Amino acid sequence: MNLLRTKPIEQSIADADEPGRKLKRSLSTWDLMIMGVAVAVGAGIFSVGAKAAANFAGPAVTVSFAIAAVTCALAIMCYAEFATAIPVAGSAYVFTYATMGELLAWIIGWNLILELFTAAAVIAKYWGIYLSKVFALMGADVPPALTIGGVDLYWGAFLIVAIFTVLLVLGTKLSARVGNIFTLIKIGVVLFVIVVGFTYVKVENYAPFVPAAEPTGGTGAADVLKQSFFGFLTGAAPAQYGTLGIFAGAALVFFAFIGFDVVATSAEEVKNPQKTLPRGIFGGLAVVTLLYILVSLALTGMVSYTQLAEADNPTLTTAFEAVGDTSAAKVIAFGSLIGLTTVIMVLLMGLSRVVLAMSRDGLLPRSLSKTSDKRSTPVRLQIICGAAVALVAGLTNVDLLEEMINIGTLSAFVVVSLGILVLRRKRPDLKPAFRVPFGKVLPVVSAVLCLYLMTNLAVETWIFFAIWLVIGLAIYFAYGQRHSRLNERFSAANAAVNGSAAESKSGDEDEFTRA
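Residue numbers (our numbering): 4 to 518.
You may find that some hints are simply not true.
Result set (DSSO-like, lysine-lysine): computed pairs, CA atoms no more than 30 Å apart in a straight line [what the hints assert, rightly or not]:
1. Lys443 with Lys429
2. Lys373 with Lys136
3. Lys278 with Lys27
4. Lys373 with Lys278
Using C-beta positions, here's what the derived DEER-type ranges look like [as the list claims (entries may be wrong)]:
5. Ala216 with Asp144: 41 to 47 Å
6. Pro368 with Ser31: 50 to 56 Å
7. Asp144 with Ala469: 39 to 45 Å
8. Thr246 with Ala391: 27 to 33 Å
9. Val213 with Pro368: 50 to 56 Å
10. Asn316 with Val213: 19 to 25 Å
11. Gln14 with Ile166: 52 to 58 Å
12. Gly238 with Lys373: 50 to 56 Å
13. Asp20 with Gly442: 18 to 24 Å
Because the hints were derived from the structure by calculation, they are not lab data.
Values in this document were obtained by computation on a predicted structure and should not be read as measured data.
Built from N, CA and C at the ideal position, the CB exists for glycine as well.
Hey, can you work out the whole structure from these sequences and the hints?
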């Protein structure tokens with residue numbers, strides 16, 4: 004059993020052209036850039052910054068966003084180098100398979116499924132809740148959930164997932180066009196909020212920029228589970244703010260940048276990927292970073308972070324209500340709804356593409372990787388993914404697992420960053436259109452930063468993550484390892500070698516007998 008066997012890059016590219024399992028190249032630089040903005044600029048822009056400012060970093064949440072953006076940019080450089088060298092669906096999973104072996108590739112693919120599935124389900128549920136808020140602002144009382152047989156059914160999640168599942172089945176280009184329209188609308192809403200927010204800014208609200216660290220006041224088991232893993236390992240008492248609070252805030256707001264690894268999963272559907280992928284990814288990242296920093300500056304300048312901390316669930320709406328501008332709530336509610344819409348679409352697409360790549364390789368059932376002859380989309384797989392996301396979002400309390408999205412992403416970022424070093428050593432003959440500058444330095448810095456942000460996630464998140472990995476390993480050894488196409492090729496090659504050796508030995512024995 005060779006768990007470190009790697010899949011040749013040429014084989015990955017050849018598999019992408021397999022009849023009946025092929026995707027159509029139809030996306031441009033603009034489509035990719037908008038896709039990155041679409042998945043990153045969601046309702047989180049109106050809430051995640053407020054939570055990080057209130058509970059972790061204070062006004063220094065701007066620095067938290069900058070740290071998260073730099074970490075993401077370094078990792079995305081590694082993604083861009085990989086994607087231009089191996090322009091096929093699957094993103095970090097495919098990259099790891101080509102460099103570090105099948106077992107680690109399975110783990111990364113399994114983590115990507117965790118990231119994309121959980122994110123899609125959480126955001127689909129929030130979409131339904133925001134839809135009810137929009138109805139309420141219009142004077143209509145439409146509850147976000149219906150109680151059927153004692154079970155709360157979040158109907159909005161089913162609705163939005165069904166709509167985008169149909170669009171993705173009909174074609175990637177069509178869904179990208181619809182996503183482009185929604186994305187441009189929500190960028191307009193965000194700019195409106197930024198401009199209005201800055202009219203309420205008071206400089207004194209930025210002081211102290213980095214609040215002094217203070218204990219949370221809890222010492223029970225629940226407080227230990229909620230504290231950062233780094234604090235748990237170092238024996239520090241549960242605390243908030245201070246320098247560590249900035250990094251804890253960065254780990255939280257990193258959720259805002261998860262979209263760019265999803266963009267890399269579309270490499271197989273991009274026209275001229277060697278040029279299009281780097282331009283689209285970095286263009287989208289620049290836009291997102293600018294928007295988030297401007298929103299965080301407006302937010303912490305409008306009200307003191309202590310006022311945000313007094314709210315049970317602080318959002319940008321909390322800040323506007325504090326300054327007496329309740330009319331902005333309607334704009335924010337509308338912007339949140341539009342923002343979430345395109346996020347769900349891109350996550351559903353990314354989820355199906357990762358599963359597609361893994362099923363092509365036999366690690367998951369091969370039947371899942373079949374694509375439509377007419378539209379070149381994985382119809383069956385897209386419907387299965389959509390149905391699973393809708394059921395979990397509509398029927399469970401999935402929002403408890405929000406931080407699982409971040410840990411899944413960061414684990415993939417660590418492996419991809421280190422994988423670049425392996426790729427360059429193993430395949431110096433490859434000349435990707437984009438290369439991470441400064442040799443080995445930036446990939447190593449990227450891996451260290453991502454790993455450090457992982458340690459700033461809560462202890463309970465690490466426990467859930469460990470359980471997820473155990474389940475994944477059980478599936479791999481029970482199914483994936485035995486059905487792997489690479490395993491079949493290795494077995495066939497070994498059988499051929501052993502057969503030749505046996506024939507040679509038999510011939511020698513015959514010769515000896517005749518002698």
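Would the pair Lys373 and Lys136 pass a check requiring their Cα atoms to be no farther apart than 30 Å? Given pair Lys373, Lys136 is violated - Cα atoms ~40 Å apart, limit 30 Å.
Starting from Lys443, check that the Cα of Lys429 is at most 30 Å away, please. holds, 14 Å
Next pair to validate is Lys278 with Lys27; report whether the Cα-Cα distance is within 30 Å. holds, 17 Å
Beta-carbon spacing of Asp144 to Ala469 - inside the hinted bounds 39 to 45 Å or not: Since the Cβ atoms of Asp144 and Ala469 sit about 43 Å apart, the hinted range of 39 to 45 Å holds.
Given hint Lys278 paired with Lys373 - CA-CA distance at most 30 Å: Within the cut-off at roughly 28 Å; holds.
Take a look at whether the Cβ-Cβ distance between Val213 and Pro368 falls inside 50 to 56 Å. Taking Cβ atoms as reference, Val213 and Pro368 lie about 52 Å apart, which means the hint holds.
Can you tell me whether the CB distance of Ala216 to Asp144 sits inside 41 to 47 Å? With a Cβ separation near 44 Å, Ala216 and Asp144 satisfy 41 to 47 Å, so the hint holds.
Take the C-beta atom of Pro368 and the C-beta atom of Ser31, compute their distance, and say whether it sits inside 50 to 56 Å. violated, 33 Å
Could you tell me whether the CB distance from Asp20 to Gly442 stays inside 18 to 24 Å? violated, 33 Å
Tell me if the beta carbons of Gln14 and Ile166 are separated by a distance inside 52 to 58 Å. violated, 37 Å
Lying within 19 to 25 Å: is that true of the beta-carbon distance Asn316 to Val213? holds, 24 Å
Could one say that the CB atoms of Thr246 and Ala391 fall in the range 27 to 33 Å? violated, 41 Å
Against the hints set out earlier in the document, violations occur for numbers 2, 6, 8, 11 and 13.
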